Amino acid sequence: MSEIMNEEKLIMDRFGNENHFRVPDNYFNEFPQRVLKRIEHQRRRRRIIHWSIAAMLTGCVLGTSFLMNSVKQQDLPFEADNNQYIEDALDYSMINNMEIATYLTEAE
Amino acid sequence: MIDETRIIAQLKDKSQREKAFNTLVHEYQEVLYWQIRRLVITHDDADDVLQNTFIKAWMALDEFRAESKISTWLFRIAINESLSFLEKKKRSTDIISGTDDYLRNQLLADPYFDGDETQALLLEAINQLPEKQKAVFNLKYFQEMKYEDMSQIMGTSIGALKASYHHAVKKITDFFQQND
Numbered sequence: 001m002s003e004i005m006n007e008e009k010l011i012m013d014r015f016g017n018e019n020h021f022r023v024p025d026n027y028f029n030e031f032p033q034r035v036l037k038r039i040e041h042q043r044r045r046r047r048i049i050h051w052s053i054a055a056m057l058t059g060c061v062l063g064t065s066f067l068m069n070s071v072k073q074q075d076l077p078f079e080a081d082n083n084q085y086i087e088d089a090l091d092y093s094m095i096n097n098m099e100i101a102t103y104l105t106e107a108e
Numbered sequence: 001m002i003d004e005t006r007i008i009a010q011l012k013d014k015s016q017r018e019k020a021f022n023t024l025v026h027e028y029q030e031v032l033y034w035q036i037r038r039l040v041i042t043h044d045d046a047d048d049v050l051q052n053t054f055i056k057a058w059m060a061l062d063e064f065r066a067e068s069k070i071s072t073w074l075f076r077i078a079i080n081e082s083l084s085f086l087e088k089k090k091r092s093t094d095i096i097s098g099t100d101d102y103l104r105n106q107l108l109a110d111p112y113f114d115g116d117e118t119q120a121l122l123l124e125a126i127n128q129l130p131e132k133q134k135a136v137f138n139l140k141y142f143q144e145m146k147y148e149d150m151s152q153i154m155g156t157s158i159g160a161l162k163a164s165y166h167h168a169v170k171k172i173t174d175f176f177q178q179n180d
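Order-wise, the sequence lines are chains A and B. Mapping of the first sequence onto the numbering used here: position 1 corresponds to residue 1, and the numbering continues sequentially without gaps. Mapping of the second sequence onto the numbering used here: position 121 corresponds to residue 121, and the numbering continues sequentially without gaps.
One should not assume that every hint holds.
[Said to hold, decoys possible] For lysine to any residue, the following SDA-like pairs were computed, each having C-alpha atoms within a straight-line distance of at most 20 Å: (1) LYS37/A to ASN22/B; (2) LYS171/B to ASN6/A; (3) LYS9/A to THR118/B; (4) LYS146/B to ILE4/A; (5) LYS171/B to ASP13/A; (6) LYS90/B to LYS134/B; (7) LYS37/A to ASP44/B; (8) LYS69/B to ASP13/B; (9) LYS170/B to ILE4/A; (10) LYS19/B to ASP62/B.
[Stated by the list, open to error] Listed next, with one range per pair, are the computed distances between beta-carbon atoms: (11) PHE28/A to PRO130/B: 24 to 32 Å; (12) ASN105/B to ARG44/A: 41 to 49 Å; (13) ASN69/A to LYS14/B: 22 to 30 Å; (14) PHE28/A to GLU117/B: 27 to 35 Å; (15) PHE66/A to ARG17/B: 39 to 47 Å; (16) THR102/A to GLN51/B: 21 to 29 Å.
I should point out that these hints are in silico values taken from the structure, not numbers from a laboratory. For clarity, every value in this text was computed on a predicted model and none was experimentally measured. Glycine included, C-beta positions come from ideal geometry on N, C-alpha and C.
Sequences and hints are given; from them, build the entire structure.
Quick look at the structure:
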């Protein structure tokens, strides 16, 4: 232990522990404004992503109900599998389950 | 010095959050900057890491449970951000490994470093330490932080931190013996 203390003292005597780094003029005066700007930018991006997901989900629901209606009206000879239509519509929308889950969680 | 209880209450209130966060940035930007700067060395890198630190803190405000002090929480984010920055940088380049005098020359040419060759040598010696040991050494040697506070920031036991600091001191002394 004392050996370490001696070594620490040797380092301190030779180099000290002063700060020799400097920053550009006004750096700390301007920094808070820059951070708040970046936070605002991130917020705006998240808002756009939320609205895009909401629009896509609405599109999916409308598209699916339109498809189901047209199947009924055509009175197809075979029984249409509604679940398959919903799954296909979600597949074509290119939204993965994680994004839907994130959106629904944040919407709460 | 800010009133912790008041600022935490303001941060939880969405209508006052931005103003309170601005106060937080003003209060802690310098102390966090110097800690980050000693780890990442250049001003540009320190600026990036400091911005990321506050953005991470902003995004995690809802998860802040006030079990630790705000300063401890911010220090923890800053150190984690610095260490992952160094990890990424190490993967993309081996310049930072400190195997030659690259860092010393870089520091002496840096307009935002006013130390002489002796001080640059110390930073070069610190730079050859493993990342976590480097953080422990900086907190103890330059900021004279208590092991108890350091333990909360680093999430490591006091015993392990003492051992880490002693290893760091030993390695730095060995470095000088080899380079003098």
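Status of each hint after checking the structure:
1. LYS37/A to ASN22/B: The hint holds at about 11 Å.
2. LYS171/B to ASN6/A: 14 Å, holds
3. LYS9/A to THR118/B: 16 Å, holds
4. LYS146/B to ILE4/A: This hinted pair holds, its Cα atoms lying about 17 Å apart.
5. LYS171/B to ASP13/A: Satisfied, since the Cα-Cα distance of roughly 17 Å is no more than 20 Å.
6. LYS90/B to LYS134/B: 14 Å, holds
7. LYS37/A to ASP44/B: 18 Å, holds
8. LYS69/B to ASP13/B: 18 Å, holds
9. LYS170/B to ILE4/A: 7 Å, holds
10. LYS19/B to ASP62/B: Holds - the C-alpha atoms of ASP62/B and LYS19/B are around 16 Å apart, at most 20 Å.
11. PHE28/A to PRO130/B: 24 to 32 Å: Since PHE28/A and PRO130/B have Cβ atoms about 31 Å apart, the given range 24 to 32 Å holds.
12. ASN105/B to ARG44/A: 41 to 49 Å: 43 Å, holds
13. ASN69/A to LYS14/B: 22 to 30 Å: 42 Å, violated
14. PHE28/A to GLU117/B: 27 to 35 Å: 28 Å, holds
15. PHE66/A to ARG17/B: 39 to 47 Å: 43 Å, holds
16. THR102/A to GLN51/B: 21 to 29 Å: 24 Å, holds
Violation of the numbered hints given earlier is confined to hint 13; every other hint is satisfied by the structure.
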